[in-house]
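*Asks:* Same order as they appear, the protein sequences are chains D and U.
According to the numbering used here, the stretch in the first sequence is residues 22 to 136, in order.
According to the numbering used here, the stretch in the second sequence is residues 801 to 913, in order.
Simulated from the structure, these hints should not be mistaken for laboratory data.
There may be inaccurate statements among the hints.
Simulated restraints, written as ranges between beta carbons of each label pair [as the list claims (entries may be wrong)]:
id : chain 1 : residue 1 : chain 2 : residue 2 : range
1  : U       : A802      : D       : H103      : 24 to 32 Å
2  : D       : K90       : U       : S827      : 34 to 42 Å
3  : D       : I131      : U       : E844      : 33 to 41 Å
4  : U       : R841      : D       : L28       : 30 to 38 Å
5  : U       : M840      : D       : S47       : 20 to 28 Å
6  : D       : E119      : U       : P854      : 12 to 20 Å
7  : D       : E85       : U       : S866      : 37 to 45 Å
Quick reminder that beta carbons are idealized off the backbone N, C-alpha and C, glycines included.
The residues making up each chain are set out below.
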Amino acid sequence: AQSVTQLGSHVSVSEGALVLLRCNYSSSVPPYLFWYVQYPNQGLQLLLKYTTGATLVKGINGFEAEFKKSETSFHLTKPSAHMSDAAEYFCAVSGGEEYGNKLVFGAGTILRVKS
Amino acid sequence: DAGVIQSPRHEVTEMGQEVTLRCKPISGHNSLFWYRQTMMRGLELLIYFNNNVPIDDSGMPEDRFSAKMPNASFSTLKIQPSEPRDSAVYFCASSADLSGTQYFGPGTRLTVL
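Please model the complete structure; the sequences and the hints are all you need to start from.
*Replies:* Set out below in structure tokens:
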């Protein structure tokens, strides 16, 4: 069984400040981990993913995430927030093809960026 | 490359009417997923297909909902009869790789009056 917990349904940061969105997962198999972003009235867009190899993953728009197996975490960070980062962010876990490529999503975190 | 295509983008209908949502996955992708998103329940997986075969429909809320995938390039989600509580944004996503990376369409916003 797999599950995802995103800590904080809403996060507010000032423009230029560090963005940290927290994600913890549970998985009975080596996980594949994802972050998606959803802008208002749009579909989900892949930000980054961890499959194997390097545990620090870089994505689009300056975001990165680090897979920490010992902490079962995959937190999303960005050094300096921009107004255009305001959106909802979803963390997801997959067991891969063995699990039918299903993604289990967290509840989402709405990021607000203050000017 | 074209992404996942969904139609219509917006649908307004009256209670009791049949609604059909359409999805064209990315060419070459062998898995297709239907999701529903609401404020109250968040993002819910309704059903998914591998190689055009339904694998898991446990998320389909009730018999009023049905989904088909007659070929690798087309899928439909039908609601008959529709009810106001079906109002939501419905997303289609497709996947091709072993890790399960999914690519989402823009969604169909359904309003049932």
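*Asks:* Each hint should be assessed against the structure and marked as holding or not.
*Replies:* Status of each hint after checking the structure:
no., hint, result
1, A802/U - H103/D: 24 to 32 Å, "holds, 29 Å"
2, K90/D - S827/U: 34 to 42 Å, "holds, 35 Å"
3, I131/D - E844/U: 33 to 41 Å, "violated, 18 Å"
4, R841/U - L28/D: 30 to 38 Å, "violated, 20 Å"
5, M840/U - S47/D: 20 to 28 Å, "holds, 24 Å"
6, E119/D - P854/U: 12 to 20 Å, "holds, 18 Å"
7, E85/D - S866/U: 37 to 45 Å, "holds, 42 Å"
Hints 3 and 4 from the list above are not met by this structure, while the remaining hints are.
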